[in-house]
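*Asks:* Residue numbers (the numbering used here), protein chains in the order written: chain S, 1 to 764; chain U, 1 to 161; chain B, 1 to 90.
Hint data in this document are derived by calculation from the structure and do not stem from the laboratory.
Computed from a predicted structure; not experimentally measured.
All residues carry an ideal CB built from backbone N, CA and C; glycine is no exception.
Mixed in with the good hints there might be a few duds.
So the derived list for chain U, only partly shown, Cβ under 8 angstroms to chain S, looks like this [stated by the list, open to error]: (1) ASN24; (2) ASN48; (3) LEU101; (4) CYS106; (5) ALA134; (6) THR141.
Think about it this way: if two alpha-carbon atoms lie no more than 27 angstroms apart in a straight line, the pair counts; the simulated BS3-like pairs of lysine-lysine are [what the hints assert, rightly or not]: (7) S:LYS588 / S:LYS677; (8) S:LYS518 / S:LYS588; (9) S:LYS446 / U:LYS5; (10) U:LYS148 / S:LYS10; (11) U:LYS5 / S:LYS62.
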Amino acid sequence: MTTANKKKYKVIGTTPIRHDGADKVTGRAIYGIDFHTTGMLWGKILRSPHAHAKIKSIDASKALALPGVHAVVTGKDMAVARDIEVEAGETSLNYMHLSDNVMARDKVLYKGHAVAAVAADTQHIAEEALDLIDVDYEVLTPVLNGREGMKADVPLIHPEQTTKIMAFRFDPGTDSGEKSNVAGRSQLKLGDIEAGFKEADFIVEREYTTSWVHQGYIEAQNATAHWNNDDNITVWNSSQGTFNQRQLMAEILKHPVSQIKMVPLEIGGGFGGKIPVYLEIPAAMLSKKTGHPVKMTMTRTEVFEGTGPASAAQMKAKVGATKDGRITAAYAELVFEAGAFPGSAVGAGAQGMFTAYNIENILIDGYDVVVNKPKSAAYRSPGTPQACFPAEAVIDELADLVGMDPLEFRMKNAAKEGDRRADGVQHPEMGNLECMEALKASDHYKSDLGGPNRGRGVASGYWGNAGMPASCSIAINGDGTVSLAEGSPDIGGSRTSIAMMCAEAFGIAAEDVHPSIKDTDSIGYQGLTAGSSTTLRNGWAVYEVTNQAIELIKARAARLWETEPENVDFADGVFFSKAEKELKLTFKEMAGKLMETGGPISVAASVAPRGAGPSFTTHMVDVEVDPETGKVDILRYTAAQDVGTMIHPDYVEGQVQGGAVQGIGWALNEEYFFNDKGAMLNASYLDYRVPTMLDLPMIDTILVEHANPNHPFGVRGVAEISVVPPLGAIANAIYAAVGVRMRDLPMAPHKIVKALQEKNGKTK
Amino acid sequence: MAAEKTHVRTTLNGEATEYLCEPNQSLLEVLRDVLLLTGTKEGCNDGNCGACTVNMDGRIVDSCLVLGVEAEGSDILTIEGVATPEGLHPIQQAFLENAALQCGICTPGFIVASKALLEKEPNPSEARIRHWLAGNLCRCTGYDKIVKAVVAAANTMEGKK
Amino acid sequence: MATVWIPTPYRDLVGGVETVTVAGSTVRQITRNLDTAHPGFWERLVDDETDRIRAGVSVIINGVVVGTALHEPVGENDEVHYLPAIAGGA
Numbered sequence: 001m002t003t004a005n006k007k008k009y010k011v012i013g014t015t016p017i018r019h020d021g022a023d024k025v026t027g028r029a030i031y032g033i034d035f036h037t038t039g040m041l042w043g044k045i046l047r048s049p050h051a052h053a054k055i056k057s058i059d060a061s062k063a064l065a066l067p068g069v070h071a072v073v074t075g076k077d078m079a080v081a082r083d084i085e086v087e088a089g090e091t092s093l094n095y096m097h098l099s100d101n102v103m104a105r106d107k108v109l110y111k112g113h114a115v116a117a118v119a120a121d122t123q124h125i126a127e128e129a130l131d132l133i134d135v136d137y138e139v140l141t142p143v144l145n146g147r148e149g150m151k152a153d154v155p156l157i158h159p160e161q162t163t164k165i166m167a168f169r170f171d172p173g174t175d176s177g178e179k180s181n182v183a184g185r186s187q188l189k190l191g192d193i194e195a196g197f198k199e200a201d202f203i204v205e206r207e208y209t210t211s212w213v214h215q216g217y218i219e220a221q222n223a224t225a226h227w228n229n230d231d232n233i234t235v236w237n238s239s240q241g242t243f244n245q246r247q248l249m250a251e252i253l254k255h256p257v258s259q260i261k262m263v264p265l266e267i268g269g270g271f272g273g274k275i276p277v278y279l280e281i282p283a284a285m286l287s288k289k290t291g292h293p294v295k296m297t298m299t300r301t302e303v304f305e306g307t308g309p310a311s312a313a314q315m316k317a318k319v320g321a322t323k324d325g326r327i328t329a330a331y332a333e334l335v336f337e338a339g340a341f342p343g344s345a346v347g348a349g350a351q352g353m354f355t356a357y358n359i360e361n362i363l364i365d366g367y368d369v370v371v372n373k374p375k376s377a378a379y380r381s382p383g384t385p386q387a388c389f390p391a392e393a394v395i396d397e398l399a400d401l402v403g404m405d406p407l408e409f410r411m412k413n414a415a416k417e418g419d420r421r422a423d424g425v426q427h428p429e430m431g432n433l434e435c436m437e438a439l440k441a442s443d444h445y446k447s448d449l450g451g452p453n454r455g456r457g458v459a460s461g462y463w464g465n466a467g468m469p470a471s472c473s474i475a476i477n478g479d480g481t482v483s484l485a486e487g488s489p490d491i492g493g494s495r496t497s498i499a500m501m502c503a504e505a506f507g508i509a510a511e512d513v514h515p516s517i518k519d520t521d522s523i524g525y526q527g528l529t530a531g532s533s534t535t536l537r538n539g540w541a542v543y544e545v546t547n548q549a550i551e552l553i554k555a556r557a558a559r560l561w562e563t564e565p566e567n568v569d570f571a572d573g574v575f576f577s578k579a580e581k582e583l584k585l586t587f588k589e590m591a592g593k594l595m596e597t598g599g600p601i602s603v604a605a606s607v608a609p610r611g612a613g614p615s616f617t618t619h620m621v622d623v624e625v626d627p628e629t630g631k632v633d634i635l636r637y638t639a640a641q642d643v644g645t646m647i648h649p650d651y652v653e654g655q656v657q658g659g660a661v662q663g664i665g666w667a668l669n670e671e672y673f674f675n676d677k678g679a680m681l682n683a684s685y686l687d688y689r690v691p692t693m694l695d696l697p698m699i700d701t702i703l704v705e706h707a708n709p710n711h712p713f714g715v716r717g718v719a720e721i722s723v724v725p726p727l728g729a730i731a732n733a734i735y736a737a738v739g740v741r742m743r744d745l746p747m748a749p750h751k752i753v754k755a756l757q758e759k760n761g762k763t764k
Numbered sequence: 001m002a003a004e005k006t007h008v009r010t011t012l013n014g015e016a017t018e019y020l021c022e023p024n025q026s027l028l029e030v031l032r033d034v035l036l037l038t039g040t041k042e043g044c045n046d047g048n049c050g051a052c053t054v055n056m057d058g059r060i061v062d063s064c065l066v067l068g069v070e071a072e073g074s075d076i077l078t079i080e081g082v083a084t085p086e087g088l089h090p091i092q093q094a095f096l097e098n099a100a101l102q103c104g105i106c107t108p109g110f111i112v113a114s115k116a117l118l119e120k121e122p123n124p125s126e127a128r129i130r131h132w133l134a135g136n137l138c139r140c141t142g143y144d145k146i147v148k149a150v151v152a153a154a155n156t157m158e159g160k161k
Numbered sequence: 001m002a003t004v005w006i007p008t009p010y011r012d013l014v015g016g017v018e019t020v021t022v023a024g025s026t027v028r029q030i031t032r033n034l035d036t037a038h039p040g041f042w043e044r045l046v047d048d049e050t051d052r053i054r055a056g057v058s059v060i061i062n063g064v065v066v067g068t069a070l071h072e073p074v075g076e077n078d079e080v081h082y083l084p085a086i087a088g089g090a
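Starting from the given sequences, assemble the full structure and let the hints guide the process.
*Replies:* Structure representation (structure tokens):
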């Protein structure tokens, strides 16, 4: 671990036991999927067996006649949502698309698309009822590949959709008038790539493909909704953004925001996949129809088929460098499969793919293409795992041609403060080069590979990190402890990090702050638990409330000491009189005197912070390839990341390790196998192969603490980016091990065997 | 049509327990939805993730693959039976001290499975731990800290802290 | 005068250059003046119904994301970008 710009903290940087720890290790914690309430019915979704079809009719009469069934709803029972783009957190979305995704109206657009929902006394009766709903489909030819979908003579998934030449994901841009499955074309241009390529002594140009992958959170989507007689709707679920979901529900149900309460229970993983709404809407509709609370969950198959995996991509990358190793130009074409509705992360992919490097001439063409597959949702640094893969692979080939060590090649071209990204924005202060240097100085870098068919690869990555608003409130208890209320569902220990920042500000122990996560009626507006922003923005909210509280308590101390508030100061957890130094009281002692000096103190604040600061990282991996079976073993893995000031180092490290392992799965094993009818053939954890602990070594980390200068505690977002480099690093390591360049993900054993056979001239 | 329910008598976390369940209800469903013991989690319902691990008659099983009626006369340990009034089990404590959980949904399954391992083999190697726990999936941690927690728990339980 | 970076797909409106210098002390003024000199920008960037920069766009001033408010101040010699708004998944 290396540090830079590190202040001396008492609580920040320590590793207290998390506040929700006892509940979580004893099974007491209630997750969304665990929720029960009295009078509850169970709901299930009927899903389309076809990837592309018109719904001609739905007959639920037999289902309704089944004893124990209370109600059925379909897309026709939903109001038509507005076909507009609106802000939702840091990005935007189209309400009509979202609503149609939650339940199909006239057409089904992917296998698994929700068509109807049933409420019954038990899950089993609800499942039986699904089989009794008759849907008459007119099956249409599906579009199952991005590049195929761009062609002129293929079926149009949205017949009225025309290609927008866009600067932004949903901007009206210039309507080309061309009816197409290409929902949007975008472009990033910096400098002059023609001139840049002319300067280059070496140019590498390649094509790459990646497959659809799923976030893989172990707790499935869930929602229990109660639409009460007073028209107040309460929803208990696992959520990555209660206020965002509340807004979506209000729009889709045409219901006032103030009459919807989202109650976030504990959440069993999200990684971006639990940002949208899926079951919340049908659960609410069924509750209204039945007069009962209705609980809905998904089976694992439904999670794979009916939520928001990450886009497959077909990509080209071309990069040029001089013979002394300076990258002069970079071109890429990114075709992202958006799924059934527009809005893939192609823009974010474009913004991030070359951004770890200082390149003066860049051109990136992005295509957002609809296909008959589930609508993509966010998955950890969305777009950049796919887009950085070709960047890191081509850069590696260039390093080889130039004759430089791949890490040194990256260091020579590393982006620094003031350099421009492809979109023209200048980098702020950050620790990109520091990470690479730390990796170069590591034991891993110096170690021997120790055997045949072994190779080492590196790759870098970038992610922008979000801000978003936050609110919190604190109440100071008479015993010197603090009750802290905030609104961010805690996916990875954030409630403890937030409590630690509060404890640091007051000079008390982390254990003396009691954090809790509130519903949307009980706390001010909160952004998404996403974007690597939770600790950052809640840190700002904590900074606000603690500062205000300290001023209020100073005034109380002034009363006690019969002086003016300006004569009281606070440092290291102690209030003291500036004039008479013996007059001092600790935070705890003052807490005990609040009632007698004017009453209890509580403070609330909302913030909309800026200056989130980007994430940079470089990973190094050693692999061993079995040339006979193509199996790749990860021998050693080191992730170096600029993590800003670490509030709770173990949970920061945990994020880096967890993301790296997701990236390893993405690189080696994970993919959606679609047949030619658009059905996912491997929709279970047996055949959708996520890494198990047997597949991995320890994941070593080098956490560079380059404090974010724009944050009171130096916090920089950390949680997403580590999923980005493994794809490129492993591909590069496989080349170093056995001399084949893998350009199609995942790099599954049979593909490696085939590549080796082709290399050795033994094609079948 | 709901089938007639069976009356099952079993021992759960050391206590005599009875419940009614339908023949097609898994032990997992009985635990979570009949007995309201939601500590045992559902991740896949087809035996591939280990989130529903319980200890049944001394063996760890995926409770989603066991029928509720099969538990007649058995001795079942769930996550709710691991801690005692005296305090957390060393494994639970080790998971907390080593930050071996992020979202925590896989944690009950890992704890029940690890407990079975350490009771059988008090000093397992890292490789043995990874092999034993390969049937428990975690998507958040990358497993590193879970392995370290199990090693730490083994040391505590052996009195070698 | 602020330096405004033109989103690539709109560079045909400004004769292909990357940046344009524009007078103005708020995002509204900058955008309006940009549109006066190069017609088409206001309609692309601003939602007149909500009187804000369009959803999905983030204004960035000197590298800091400032959001969609038209009243956001812009200083002398500031650098302004109109970029896609991007969040992420945890």
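*Asks:* Which hints from the list above does the structure break, by number from lowest to highest?
*Replies:* 7, 9
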